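Chains as they are written, first to last, in our numbering: chain A, 1 to 111; chain B, 1 to 114.
All the given hints hold, so there is nothing to weed out.
Selected chain A positions facing chain B (Cβ under 7 Å, derived; list incomplete):
#, residue
1, Tyr31
2, Gly40
3, Gly42
4, Leu43
5, Phe90
6, Thr94
7, Thr99
8, Phe102
9, Gly103
10, Pro104
11, Gly105
Pairwise CB distance ranges (calculated):
#, chain 1, residue 1, chain 2, residue 2, range
12, B, Glu15, A, Lys71, 41 to 47 Å
13, B, Gly16, A, Gln72, 42 to 48 Å
14, A, Gly40, B, Ser51, 27 to 33 Å
15, B, Thr45, A, Ser18, 29 to 35 Å
16, B, Pro9, A, Pro104, 19 to 25 Å
17, A, Gly40, B, Ser28, 24 to 30 Å
18, A, Gly53, B, Asp1, 29 to 35 Å
19, A, Glu52, B, Leu109, 33 to 39 Å
20, A, Met19, B, Ala41, 16 to 22 Å
21, A, Leu109, B, Ser10, 22 to 28 Å
FYI, nobody ran anything at the bench for these hints, they're computed from the structure.
Computed from a predicted model, the values in this text were never measured in an experiment.
For glycine and all other residues, C-beta sits at the position ideal for the given N, C-alpha and C.
This is what each chain is made of:
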Amino acid sequence: NAGVTQTPKFRVLKTGQSMTLLCAQDMNHEYMYWYRQDPGMGLRLIHYSVGEGTTAKGEVPDGYNVSRLKKQNFLLGLESAAPSQTSVYFCATTGNGETQYFGPGTRLLVL
Amino acid sequence: DQQVKQNSPSLSVQEGRISILNCDYTNSMFDYFLWYKKYPAEGPTFLISISSIKDKNEDGRFTVFLNKSAKHLSLHIVPSQPGDSAVYFCAASAGGGATNKLIFGTGTLLAVQP
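Work out the full structure: start from the sequences and follow the hints.
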């Protein structure tokens, strides 16, 4: 039982490149979330999903897209990376609607 | 507009003493509050929570106090241990519903000195 896993752990991109971050959970949870953490800013919600096939915008959605084709996976895409997207990205999931469980994070550096 | 505020970026305490981490919020619709602990290079881990119908919740060395009238909550760690050294995030939720979104504070770095 791995809980919440994130792939990759670390990535360096050049401005304008694209990539996809994968979040996988084996907890059979309906709700999944993508956050970014920046120094002095706490965690900010990018996009979230309340179930398979659904997605919605969070607090800072610009420059990102998401997909939830399977219940266990939540993908975060950057179509054209910018230096402002340098951050640590965390995926989270919840089943009971209260406590969210987080993955280990993906460190992204955009040059 | 920061709805959840942790005004102390850092806190240093001696091992065995009490650590008190504070959190203020502005949105009166928040009805569920959580504390997360985060070690470097790891994801946040859930620590303790409290519903707005309570004013105290205790779990071992950790106690969370909620003062709704002041829109303030605090996390007490007694006794503090070096392994408690981490960043602590306060988070709040407004009524669950269909989204269960959390709003996080900016975190407080706790250093417990041996």
